[in-house]
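S.K.: Sequence:
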Amino acid sequence: MFRWVILAVVVIGIAAVSVVVMNATEPSASPFSQPVASKPTGPQPKAVVDGELTWEFGEMGQQETGRRLWKLSNQGDADLQIWKGTSTCMCTVAKLQKDGDKLTLKPGESTDIEIEFKTNQVVGDFHKGANIETNDPDHPTFPLFVHGKINPPVIVLPGETVDLHAVSSEEPREVFVAVFSPDRPETKITDVVTSKPDLLKTEVVPMTESELAESKIKAGWKLNLDVQPGFPLGLMREEVVIHTDHPHRPEIKLMLVGTVSGPVSAIPDRIRMVSVKSKEGGSGEVLLNVRGGQEATFSVAEKPGKLDVAVEPTDAKGRYRMKVTVPRETPPGLIDGDVVLKTDLPNGGELKVPVSFLVGN
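FYI, the numbering used here numbers position 8 of the sequence shown as 194, with every residue one higher than the one before it.
Simulated from the structure, these hints should not be mistaken for laboratory data. Owing to the predicted nature of the structure, the values given are computational and were not obtained by experimental measurement. It cannot be assumed that every hint is accurate.
In silico DSSO-like pairs for lysine-lysine, Cα to Cα no more than 30 angstroms straight-line [as the list claims (entries may be wrong)]:
hint, residue 1, residue 2
1, K335, K387
2, K382, K314
3, K439, K408
4, K288, K314
5, K382, K489
6, K292, K257
Start from the sequences and build out the full structure, keeping to the hints where you can.
M.R.: This is how it looks when you write it as structure tokens:
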């Protein structure tokens with residue numbers, strides 16, 4: 187019982203001391219009790235910009251310089267100070283009416299602020315600007331922006347890669363692309379060069395009125411591409427170079443891709459191996475199917491120098507196996523190229539099979 191009495195006395199003593207300490211401690215300042223900064227009194231400047239702060243310029247071409255003027259007035263009753271702030275990029279510059287980076291306007295005075303911008307190599311959406319700083323307490327910053335669309339100097343439709351998909355080695359094929367310049371409608375095609383001029387013919391003609399109306403352009407050209415029989419069987423990848431008189435796009439490279447089919451087909455249409463060990467070597471196979479089960483003779487016309495290529499008949503009629511081998515002790519590195527086979531089939535021509543071997547230690 188005596189121990190419980192002592193414990194009660196101790197607890198009462200601690201509580202009393204706590205009350206004394208809390209009363210002696212000064213209360214901490216509340217964040218809501220801090221004085222609020224007072225608004226400046228007396229005459230103040232008032233900066234007013236005429237019009238929208240963002241200028242919609244519509245469309246422009248690459249490598250062009252644009253300018254836009256905004257009028258800024260001091261409608262207050264004290265001097266208005268103006269100076270240049272930050273800009274979104276080096277291609278956008280704010281210019282005050284007078285030389286220098288700072289300007290003072292008396293009450294009632296106004297000045298022009300110019301934003302100069304360069305489109306450079308941008309394609310698509312363009313949104314750039316600069317900040318104008320002032321001593322107006324209500325408007326310390328005016329962000330002035332320009333916004334619009336930047337077109338490439340020359341546009342090719344449907345695109346600079348033309349996918350022919352399936353191409354017959356025995357029949358001609360015709361496709362066309364439209365070529366025009368949004369910023370210089372008078373642009374002309376001066377020359378066209380192809381990677382296989384004997385098999386890939388070209389013709390340049392003006393687009394018709396209906397084609398121009400459908401594409402919503404003022405003027406343009408239609409490049410007709412005539413794909414002749416005789417391309418190697420297999421994957422096609424040919425280049426067409428268009429020369430124009432546009433100062434910012436004098437040369438355009440088109441890539442024609444597709445798969446040429448004929449009396450012989452390859453399954454798969456390529457060989458790719460990324461884990462060949464130098465000491466062991468490696469090999470890949472392609473099955474060659476001759477249409478109608480015909481017999482054929484194959485010879486290797488081209489191959490990457492480090493590879494061995496052999497074609498042998500299988501047990502099935504009209505089917506052959508092409509084996510591409512990386513010999514043992516081939517130095518590490520990438521072996522990449524085409525195996526080209528010639529056949530004695532009518533209209534068979536050549537069969538091209540891309541191969542790629544990555545040889546490691």
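S.K.: For each hint, tell me whether it holds in the structure or not.
M.R.: Checked hints:
1. Simply put, K335 and K387 have alpha-carbon atoms about 35 angstroms apart, too far for the 30 angstroms limit, and the pair is violated.
2. At roughly 45 angstroms between alpha-carbon atoms, K382 and K314 are farther apart than 30 angstroms, so this suggested pair is violated.
3. The straight-line distance between the Cα atoms of K439 and K408 is roughly 15 angstroms, inside the 30 angstroms bound, and the hint therefore holds.
4. For the hint pairing K288 with K314, the CA-to-CA distance comes to about 22 angstroms; that is within 30 angstroms, so the pair holds.
5. Straight-line distance between C-alpha atoms of K382 and K489 comes to about 20 angstroms, which keeps the hinted pair within the 30 angstroms bound.
6. Restraint check for K292 and K257: the C-alpha separation of about 15 angstroms stays at or below 30 angstroms, so the hint holds.
In summary, the numbered hints that this structure violates are 1, 2.
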